[in-house]
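Q: Based on the hints, put chains P, G and Y in the right spot on chain D.
Chains as they are written, first to last, in this note's numbering: chain D, 1 to 340; chain P, 341 to 482; chain G, 483 to 1141; chain Y, 1142 to 1440.
Since the hints were made in silico from the structure, they are not lab data.
Note that the structure is a prediction, hence the values are computed from the model and not measured.
Hints may be right or wrong, so weigh each one.
[Said to hold, decoys possible] Computed far set for chain D versus chain G, every beta-carbon distance over 12 Å:
id	residue
1	15
2	20
3	21
4	70
5	74
6	210
7	216
8	222
9	260
[Claimed, not checked] Simulated DEER-style distance windows between Cβ atoms:
id	chain 1	residue 1	chain 2	residue 2	range
10	P	372	Y	1410	55 to 65 Å
11	Y	1410	G	495	50 to 60 Å
12	Y	1277	G	831	47 to 57 Å
13	Y	1353	P	482	16 to 26 Å
14	P	368	D	36	37 to 47 Å
All C-beta atoms, glycine included, are put in the ideal place defined by N, C-alpha and C.
As a plain string of letters, each chain reads:
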Amino acid sequence: MIIKRNDLKRLVEDLIGQGKRVIAPIMRMGLVEYGEIGSFDDITWDYINPRNSFKEFLFPQTEAIARYRIGKKDVELEGVIPELRETIVLGSRPCDAASTASLRSVFTWGAEEDPSRFRDDFYLMREGVTTVMTIACLKGDEDCFCTTVGLTPESPEGSDILLKETVRGNFAVTPVTERGKAFVEEWRDYITDEREDLKEIEYPEVLEGIDTGKIGARLSDVDVFDDPVWQEVARKCIGCGACTFSCPTCHCFDIVDEATGYEGERRKNWDACQFEYFTLHASGHNPRDTQFKRWRNRFLCKFHIYPTKFTSTGCVGCGRCIRVCPVALDIREVMEWLSR
Amino acid sequence: MEEKGWEPRIVAFVCNWCTYAGADLAGTSRLEYRPEVRIIKLPCTGRIDPLFIIKAFEKGADGVLVSGCHPGDCHYTSGNYHARRRWIVFRELLKFAGIDLRRVHFSWVSASEALKWRDLINEVIETVRSAGPFEAYRRLNP
Amino acid sequence: MARIGVFVCQCGNNIASTVDTQKVAEEMKKIPGVVYTQDYKFMCSAVGQELLKKVVKEHRLDGIVVAACSPHMHEKTFRKACEAAGLNPYRCEIANIREQCSWVHHDKTKKTGTLKSTDLTRMTIERLKKNKPLKTINIPLKKKALVIGGGIAGIQAALDIAESGYEVILVEKEPSIGGHMAQLSETFPTMDCSQCILTPKMVELSMHEKVRLLTYSEVEKVEGYIGNFRVQIRKKAKSVIEDLCTGCGECIEKCPFKADSEFEVMKGHKRKVIYVPFPQAVPNIPVIDREHCPKFLKDKCGICAKVCGPKAIDYSQQDEIITEEVGAIVVATGYDLMPVESFGEYGYGRIKDVVSGLYFERLASASGPTGGEIRRPSDGKVPETVVFIQCVGSRDPKRGVPYCSKICCMYSAKHTMLYKHKVHHGQAYVFYMDIRSGGKRYDEFVRRAIEEEGAVYLRGRVSSVYERDGKVIVEGADTLSGTQVEIEADMVVLATAIVPRKGAKELAQRLGISYDTYGFYNESHPKLRPVETNTAGIFLAGTCQGPMDIPDSVAQGSAAASKVISLFSREDLVREPILAEVDERVCNACWDCYYACPYSAIEQHPLKGRDGSIVRWVARVNEGACQGCGVCVAACRSKAIDLKGYTDEQVYAAINALV
Amino acid sequence: MDREKKLREKARELLESKEVDLVIGYGWTRYGKRVAPVFITRPEDVDRLIWNPMCVNNLTLYITRKYPDVKAMGRPAVVVKGCDAKTVNVLIQEGQLKREDVVLLGIPCEGVVYRQELYDGEVTKENVSPKCVVCDVKNPPLYDHLIGEKVEEGSGFEGARNIYQEIEELDKKPEGERWAFWMEHFERCIRCYACRQICPLCYCERCIAEKNMPQWIDTSAHGRGNVAWNLKRAMDLAGRCVFCGECERACPVNIPLNLINQKLSMVVEESFNHRPGYESEGHPPLIVYSLEDREDFIR
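So that you can see chain D by itself, here it is in the shape it has in the complex:
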């Protein structure tokens, strides 16, 4: 199935016309990032991977989860139902799409086997109205390493629909999920059954020195946890949240209350394990009291905790943490060390 560029434009304009939220790569402040578009022409096509992942449209950086009023005797609580708009993410990348499974794993942890366990409805409700239309990458940049973590520039995981660019500049359409199939059905008029040759997809080089299986195994070793090399690799880490906030799979959040007068909101905000106060206990004790411990945790989370607890991967190889790091801390260097 092919959707011609022009028809894709019609499709997008129609979706917007229906009041749906279309998220696509746009150019803002010199950066390509995912954002809501007002028209098809807002879309930037010249990009490897936007600076943000589209996770913020499923799991916003800040959102109200309850409102309260401090009353005379009690605090009156009122739940918040997020304002839901049907959302189409157009132009996500296979790595980002694959990350939704990772997010879902956390936000529904154990709930499938045991329904009494907690499910994060805020995430699930948003996911339930979101259609992910991925466009396979034609090439990566030097920081892309999806192939090293078991994905490819055309992996369908996590996408509802996978688009691949044809030599004529149109897109081959592959519905992946039921939702994707339904979407394609709904908009069948815009899609033809023609065939076109696909543009060649250039895979990022698989880094030979890295073996994720080996990394997982080595991280189970307590001695590795205490290896002084951690200090060495993370010494330059400045402890900002740039990597975690750019990462499509990082999911940690904090809960804060913000009140004016006697009324307030309870908000759920992204949090970063790289922040010094992330693990600060009320007692004053901080189990991760220096930066290398926090960085080590982040690495462990991706390559040990995730694979141990979930079937999904903690790292999709999008390379954002490498691109965004102000001190060029390259996660691949550590992966390589642990693959030895």
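A: For chains P, G and Y alone, kept in the frame of chain D given last:
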């Protein structure tokens, strides 16, 4: 911009020794002035942090007044000089950020300047009113 | 949750006429944590206070807000009542709904006043919720005083303190105490001889068992705070061993070298290089002027050592630094006279017979260089006509100082009398701007000079003074008659302005006290705290504070002394707990607070590990020195410091309750 | 490169003589072609040290209290460009460092790139860091060892982005437009605190943004919290910021922090005649005062 029946809300951060006493004197002298000001008393203008002003705007103030002892009169010798320096910079920062300076006022009012206090408050309220409700800041709320 | 009681005072009709106090009370009842509200006619009355106490107990309240008059009126009253009811006084706050609401908003419908009172009271309630119970603090006290300056003000202060049984250290820069008063001839308005009334006091002081006199000494460094100052005093080398010197004067007698006398003012008047400033000096111990003594300049002479019987001369003596701990400091450093060379029209420095007022004092003094005879400097002739010019530098914002030097009117009148008493046929003229003679028997004194002693007073300024045929010609205006006058005088005396002591600002900085634009030291309040400075424990006496005459200086000396004595009469110092407090866990030791504090109340404190090594430094507040201004809190970027009683939480809570 | 060689020689000498235990400099990363801070402790590793126009980081960051682990490594030598060296003066002023506690390897610099990925073998007016365009400290104002010869001061990047000009233009706009300009930026702030973490002068044990009770600055990344954070950050750097430009470089969403920092630097210089970082004596201007400070805006 201006809503009907809208009156500005102004927070005044004042020092205990001069301006607060000056405002008291305005009271004992039964001077009348506009009521839209809420005073928060501090020991000295040197205690006043720019964060107070930001927070006041966050909490719905349309204008802010900061007032203390005249130079040389500070009960604590130099608190107002320290304050003056901070205000020079902070005011420029607010201006650069695009905040209408009709909303931010600084003054020296001594314990004897009840008349000045009255006129000042009326004038500040009038100026803030001319700037309208601080909707731009309110829109920052989620 | 808190258990707060709110009382809304009607203040008779003062509040109730424009505020519906009952409605305010009802509104407050809706606020979380408020368990009791009431409005009442007069909260400050005995009945009102009893009511407050009763309610606190009955309702087991943990906080009280009284919406009433200004906290400056009755905060203490209500806090005391709370304390009596067993509540921490700092858990009581006042919402000012009278001075800042009912009295300034005259809306008779009560709408405005009620609304604003509701807001103000709510803000106060929210602030109160964050009030921590505070305790007054006690600070130990060193009952020993330091007096800086041995003029009449300092002498008086030191004597009064010593008489009360407390130890006093008096530091004087010159080799002798006495100050300017020792230079004067007679004093207005009684015309007693200055030396005659001063000298006994000087002697009394030097003999007092509670007084330690450090002459030829200067205060170098002051640390600490009220009750606990640490002072470093530089005792300059006198080159004479005080314990050995008998004051016989043999060394002075035999010394072959001379230098200009500071005491005699007069140009060209010399004293010896080893000297006492004046014959009645206390202590009567000479010092060697090392800047002029050839022994020190070229290692020649040494006669004084040879002639000294008790072998008290010590050329190798070094300056000595003495450290003293004192509980209070009286600053009485006096004044200087404005140099008048810049006032060219008066010819000072150019014309020999134009002299300063202080010079005339020395001329008229029985112990002065002329033995009290009025003789002009140029040729030693007795002047037949003398012109006195007032306000030389004073009240002259352009070239001099804008203030009035206060004593010149009086001493010029005195000068005319002294002159007339000594030169009966002489004629005195006085050019003046206004006669300022407020003070007991002062105006009578001036009238006497004019009416009985025949001094001619001319209201107007002098335009030029020049020499002609051995006379000094004074041209000026007589604005009362509207004519220009020219007086052929033999001598002209200038009443020069009083200015702060050279080095006054530097000393103030060392002491941590403030000064005005001229350099006179600031009193804490010009009317109600006239001898206190804003630095607790440091007091002022005499002309270091501004121009004043001898009676005022003495009164101030006594006043400062009484402040010291009342301070020392306590076992220890009790302080209001409005103090800064450092959260040492998060202090960065950037020292912003340390440098910003007007009271040097921040100390740099090392936190040590178990092995005694310094782990890191933190700021710590000296509770004795902290005055609770909060400058440090605003200076602290990370808010590692807070001000008890005005904490960030309290301020935040008040702002947050705006709506 | 000559300087690079000299730098390595000096580093080897310092490490061999045990004058320092550690040299903090720049080195290549394993993948990509990025330059990152490196920590050299052994003389045999000095060849990892490099010097080129990608060496943008202000390495004095690592000698602040934020890095107890680095401190534990012993006495450091730090490679500093002129702009970085100014930081040391401010750190000394603020009691964070003693001059003798660090060896400064001053390196004359003729401009670095704004962001490493923009570098293509040459510093041009397109890719130069804005601080270099207005640089007056190509030669470090303080150092213990100067690496190579001094270079001529003055900027050669005609036509490049000029911060001061941009500030001037922004100043000329009506305030509503300025507000819109900043709000567009501030609303994008993701509160990753990279600006704070990369800043050697943001060394607080506990940042005001992390302080609760009271929470002056909302932690949420909404407009309200972001504006409070960015204003407070700027205010606290006023009179201290040495224009190393690291905050803007580190910002993942391109907030032009140099503009706001340098605006306040201009205010401080005009008002108090103070330029941070040129000397280690005296105090940051916002903790002292002058009786003559202007008050034309105070009624």
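Q: Determine for every hint whether it applies to the structure shown.
A: Hints, one by one, checked against the model:
1. Against the 12 Å criterion, residue 15 of chain D stays outside the reach of chain G, whose nearest CB is about 41 Å from its own CB.
2. For residue 20 of chain D, the non-interface assignment is confirmed: its Cβ lies about 37 Å from the closest Cβ of chain G, beyond the 12 Å cut-off.
3. Here residue 21 of chain D stays apart from chain G, with its beta-carbon at least about 33 Å from theirs, past the 12 Å limit.
4. The non-interface label for residue 70 of chain D is inconsistent with chain G: the shortest C-beta to C-beta separation is roughly 5 Å, within 12 Å.
5. Not every Cβ of chain G is farther than 12 Å from the Cβ of residue 74 of chain D; the closest lies at roughly 9 Å, contradicting the non-interface assignment.
6. For residue 210 of chain D, the non-interface assignment is confirmed: its Cβ lies about 41 Å from the closest Cβ of chain G, beyond the 12 Å cut-off.
7. With a minimum CB-CB distance of about 39 Å to chain G, residue 216 of chain D clears the 12 Å threshold, and the non-interface call stands.
8. Every CB of chain G lies more than 12 Å from the CB of residue 222 of chain D, the least distance being 29 Å, so the non-interface label holds.
9. Interface exclusion of residue 260 of chain D from chain G breaks down, the closest Cβ pair being 6 Å apart, not more than 12 Å.
10. For the pair residue 372 of chain P and residue 1410 of chain Y, the beta carbons lie near 45 Å from each other, so the given range of 55 to 65 Å is not met.
11. For the pair residue 1410 of chain Y and residue 495 of chain G, the supplied restraint of 50 to 60 Å holds, since their beta-carbon distance comes to about 58 Å.
12. For residue 1277 of chain Y and residue 831 of chain G, the hinted distance range of 47 to 57 Å is satisfied, since their beta carbons lie about 50 Å from each other.
13. Distance hint check: the CB atoms of residue 1353 of chain Y and residue 482 of chain P are about 19 Å apart, consistent with the given range 16 to 26 Å.
14. Remark: the range hint 37 to 47 Å for residue 368 of chain P to residue 36 of chain D is contradicted by a beta-carbon distance near 59 Å.
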